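Go by the hints and put chain U onto chain R.
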Amino acid sequence: MAVRKLAPEDMQPESFVLSTETEAFADREIAKYPPGRQASAVIALLGKAQEQAGGWLPRKAIEAVAARLDMPVIRVMEVATFYTMFNLEPVGKYFIQFCGTTPCVLRGAGDIRKVLERRVGDQNHVTADGNFSWLEVECLGACSNAPMVQINDDYYEDLTTENFEKLLDDLAAGRPVKVGSQIGRNRSEPFEAVNTLQDPALYDGSVIGAWRKRFEEQAKAAETAEPAAAMASIPQDVKAAKPTAGRPIESDAADTPAKRAKEGETPINPTDQKEAADPSTATKGRSHTEAEPRPAPQSGKSYVASPKKEGEAVPSSPTTPVAGTPPAQAESRRDGSESKPGVVVDKDNKSS
Amino acid sequence: MAKIIVDGVEVDVPAEYTLLQAAEAAGAEIPRFCYHERLSIAGNCRMCLVEVKGAPKPVASCAWGVRDCRPGPNGEPPEISTKSATVKKAREGVMEFLLINHPLDCPICDQGGQCDLQDQAMAYGVDTSRYHENKRAVTDKYLGPLVRTSMNRCIHCTRCVRFSAEVAGVPDLGALWRGEDMEITSYLERALGSELQANVADLCPVGALTHKPEAFHYRPWELTKTDSVDVMDAVGSSIRVDSRGREVMRILPRVNEAVNEEWITDKTRQIVDGLRLQRLDRPFVRENGRLRPASWQEAFATIASRVKGADQKRVGAIVGDLAAVEEMYALKLLMQSLGVTNIDARQDGSVLTPVYGRGSYLFNSTIAGIEDADAILIVGSNPRIEASLVNVRIRKRWRMAPPPIAMIGEHADLTYPYEYLGAGPETLADLAGGRHSFIEKLRAAERPLVIVGQGALSRPDGLAVLSAAAQLARDVGAVKDGWSGFSVLHTAASRVGALDLGMVPGEWGLNAQTMAQGEVDVLFNLGADEIEIAPGAFVIYQGTHGDRGAHRADVILPGATYTEKSGTYVNTEGRVQLANRAAFAPGEAREDWAILRALSDVLGHRLPFDSLNALRAKLYAHYPHFAAVDMVQRADGFAAVQALAGLGGTLGREPFVSPVKDFYLTNPIARASGVMAECSALARELKLEAAE
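Residue numbers (our numbering), protein chains in the order written: chain R, 1 to 352; chain U, 1 to 692.
This is chain R alone, in the form it adopts within the complex:
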């Protein structure tokens, strides 16, 4: 972490008064907390004060926030110095937060840094025209569009030396700039051509959102049914939610017919049960049911291999190796090799 310090005295403004807007913001923030806990709003208020002061926190602003929240100044100072998002020295009109974390570096952030060093100068240094200053920060979470920078509130992604230079030129000249990807890609879509998610069935409501149709049908059926039947389905004696929560009491496993009978609940209607099990109404795409049986789940320890349904493939071997079996001799392997057609499982490990 770079060494941070307070701005020298000659840069500090003479005074700082919270603007009406900041005051109103402060009132709203403070109202979020119980009375007497107004200090909880300190981060929000410091952020707003930074915005008001032009991207950095002068000493007087810290004191103003302390006075507004009735806190000792040193307590506010602790917060302002702890979080790197609070700039304690003046920043340029365009404050560039340059991402220098691994994915961006792999995608050429080094060149972007060179541009910054050449055009803006050192970190935490404002250009003579007051337009730019920059700071290397940790990952900003736009790795798929690396390399990227954040300028004031916006992300600028997919940077190259050329388009970044142009971006800086445009900003300096006050021309409008494009926020987001600089190479025309839509958000974080694939870089070149769109090769996935092209099945039209994904978008016609038959796969994604199929549940909605089913729910609508059920709701219609419920509306037409007898109101009395609807009343009967409401439990008469309301039980507390999770009465056994946190207590080590033996309880019946699952919602079995026997248990329901014991608790005096209505047995499940066989028709409902059948309907629920009907594969045609399941949340499943047509294209999938028509496809060839899928290969076995990649991992031997499958999380999807529970109820056997028609038309679905299940692993033919036990999914969990017998305890004590050496991994190499296990029926299934956990390296995913069994799902790769070209790989033959060498159980005796001889070939290596």
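Quick caveat, the hints were computed from the structure, so don't treat them as lab data. Hints may be right or wrong, so weigh each one.
Stated by the list, open to error - Derived DEER-like restraints, expressed as beta-carbon distance ranges: (1) R/D129 <-> U/D181: 26 to 36 Å; (2) R/E21 <-> U/E29: 50 to 60 Å; (3) U/A85 <-> R/E189: 50 to 60 Å; (4) U/K687 <-> R/E63: 16 to 26 Å.
Unchecked claim - To give a feel for the contact side, a few chain R residues facing chain U, derived at Cβ under 8 Å: (5) R68; (6) P72; (7) V73; (8) I74; (9) R75; (10) M77; (11) E78; (12) T81; (13) F82.
As the structure is a prediction and not an experimental result, all values here were calculated from the model. C-beta: ideal position from N, C-alpha, C; glycine also.
Then chain U, alone, in the frame of chain R:
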């Protein structure tokens, strides 16, 4: 209560105990840096790691409650280990991390020999470091004239930050930046504003904060330690006086739960240089308007020549604020034998007298009892500067669960919020008359506490104010079975002892003010420096420092300060405490009782004792309660309040003003101290700044 097994020993501790406390109850020692029993738990040094059976990792015992431990599978008590190999390894790891950035400057560090890190490194440290990177370098901070910083040594325990925010109530210190870059500092390196600030140097487990005035003056192992008691205010804090040879080198607090817990004020601690400077080290006699050094015989002869011819009605004695019971007793006996009734120990003009019973002038609730009060009314006092540790108790009470607190007097910053009712006696009358809503809170309280300070009593209508306060206390039920909530807060260490001895004017006797205004021909001044004595009278000053009293003296008899004599002091609660001799008085100065004994011989009224023990034997025979050292002889508060309430009187209109104008300069020792002068100047500056 909860059972827990510590290293195989089953102990039964309160469930809210932490593992660290439980381990201590079981006799296991847990190393720690950040944990302090009087501060909130931070849990950031990790030195107190222990192993909890069932927990996957070692846990910080200071921050883990006994009630948070799981019982064993069959309901056995939880089990912790403080000595296992895992624990040792974990602590060694923590120590290694702490030492990565800690400089190896023990030989030039003032904390050397009294350093927690040094001690614990002996147990958990290794002799070499596996790190070859540069150590962290931190600029030293300015924190005022009392605390010296050496911030490379800081291990970020934040004890100092917690002390100033929690106990002192002046949140000046903070931890700026983060992680390795964290630095302890005050806002813009301003001097600390608390009157208890030097305690942070005591709390510092390393040498990052040390005492500035004593820097590089001594090594702790060179010092002779003497348990004693403080006389800077009427609280009577327990202190330890460390001396080397003839010289007192430092004063440290001693733990005394009933009085000062383990804090002392800066004045108590740092008047050490005042004990050396401006001392009267030989007798002086005024000749032709100038004081000249003289021998004891000359001085005594001069006194004798003036006293023997004097009219006993025109002879008087005033006693100052630092006198011990022994010399006051000797003076009283001497004055009695001379037939003098003009005797007064209340140089500030206080109206308290023993006539209405001991309960009428004691802090009856006791200082520890403040924690039981559930409504507090302060009348005519600023406890923060008059008795800082009483203020700390009130603040402690306020932090437990804020009780209603109100103040009549100066509108000062007491470090906790209070309801300001008014400035003078009218407000007190209004309150007593039920014309103030606070009276309801006092009435509703089970154990209301009324604190009356000297600001309300050192004035012409003081007795009427005292009576009004007593009436109020009686009416709200502050004095009843099991609770005595009528408390008088004193400012002078000698005062309660003097009142116990009856050092007030006898029949037709003159009080201190009248005597000082020239109503006597011969005035014996036993260390009273806060009173202006009019020209005219022949003044014999027996004291320690060249202060106001010595300047007005015609004969000076050099005495001993509280560190140079064995003396009894009674604090504001009536607690009898002994100050022991840590060093000898300079030059020809002598213990005060011995001077009076020698003088009595010259005056022809030899006092009936030849040794301190004989004096004490006689004193204890007269006043048995002085024999009960460290005890409070409870007074009959109810009778006293009844007697006082019956007095009545006309209340004046002047607002109450605290008798302490400058916290740092209240007595001759403090006024002689350069450190106190610096503190006083700084405090004035801060006050001006705050006023802007």
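Structure-based check of each hint:
R/D129 and U/D181 have their C-beta atoms about 32 Å apart, which keeps the hinted 26 to 36 Å range intact. The supplied range of 50 to 60 Å is met by R/E21 and U/E29, whose beta-carbon atoms lie about 58 Å from each other. Checked against the given bound of 50 to 60 Å, the beta carbons of U/A85 and R/E189, roughly 57 Å apart, stay inside it. Checked against the hint of 16 to 26 Å, the pair U/K687 and R/E63 passes, with Cβ atoms roughly 19 Å apart.
Interface hint at R/R68: violated, since its Cβ lies 16 Å from the closest Cβ of chain U, which is beyond the 8 Å cut-off. For R/P72, the shortest C-beta to C-beta distance to chain U is roughly 4 Å, which falls under 8 Å, so the interface hint holds. The restraint placing R/V73 at the interface with chain U holds, with a minimum CB-CB distance near 5 Å, inside the 8 Å limit. A cut of 8 Å between beta carbons decides the hint on R/I74: the least distance to chain U is about 4 Å, and the hint holds.
For R/R75, the suggested interface contact is upheld, since its CB lies about 6 Å from the closest CB of chain U, less than 8 Å. At about 6 Å, the closest approach between the beta carbon of R/M77 and any beta carbon in chain U falls short of 8 Å, and the interface hint on this residue holds. Given the 8 Å rule on beta carbons, the hint for R/E78 holds: about 5 Å separates it from the nearest Cβ of chain U. Checking R/T81 against chain U by beta carbon gives a least distance of about 4 Å; that is within 8 Å, so the hint holds.
Interface hint at R/F82: satisfied, since its Cβ lies 5 Å from the closest Cβ of chain U, which is below the 8 Å cut-off.
Violated hints amount to a single one, hint 5; each of the other numbered hints is respected by the structure.
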